[in-house]
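Could you build the full structure based on these sequences and the hints that come with them?
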Amino acid sequence: MTKFPSLLTTLLLLPLAFTNAASVPRAANIAAREATSYPEIILDDGLPSFPELDLSSEAFDTKTPEFETREPASESGLSKRLENKCFPYNSNADVNDVIKAFDYLNEIGNNECNANANNYIEAGNEHYNLKLRMNTAVVLFQPEGVEETESLCKDVAMTVQWIFTDCNDAGQVSGLGAANGNGDLEVLVVNYSYIE
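FYI, the numbering for the sequence shown is -21 to -1, 1 to 175, going by mature numbering (1 follows the signal peptide of the UniProt record, and there is no 0).
Just so you know, these hints were derived from the structure itself, not from any lab.
Just the calculated beta-carbon pair ranges, DEER-fashion:
1) 30 / 125: 26 to 36 angstroms
2) 68 / 30: 35 to 45 angstroms
3) 62 / 30: 33 to 43 angstroms
4) 124 / 149: 26 to 36 angstroms
Note that beta-carbon positions come from the ideal geometry of N, C-alpha and C, so glycine has one too.
Spelled out as structure tokens, the structure:
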């Protein structure tokens, strides 16, 4: 009589033991895969790399951005040559990727972000400088009516912020605008496939 309950208990617990044993490596693999899923990042040659910022892409991906409240520049001495606008759905990037691009531009805020008419890629029917890519999102610059222009990267970040706020369609984002205080610098945010 004493052996029957222990045999029954063993038979009942045996499948549970195998299930738990099998689920441990699977759970560990899933956790490891999720832990190493970081943004695909491509930066222009003129922008500081993550090691130069003393950051890894892992740390950047989990970093909480520090937002700086700033008022748009009203007296820049430059005329605004374009109006901010949003694009159709087929060129949209994931909003989280666009926010990561914004975070990076804020991180390097006092660096110069420049656009040169002679160093470009084609995007649609226009020529742009590819500045950075975060997964699905690319940020492109174009000098508007001049050969070359530059702005502080935090002024470009303000435009990217406008785009992901005002052009957000259910988590999908694309648009363009002038860099804060510089109507000569056009900033475009689209899906990476738009330039492939």
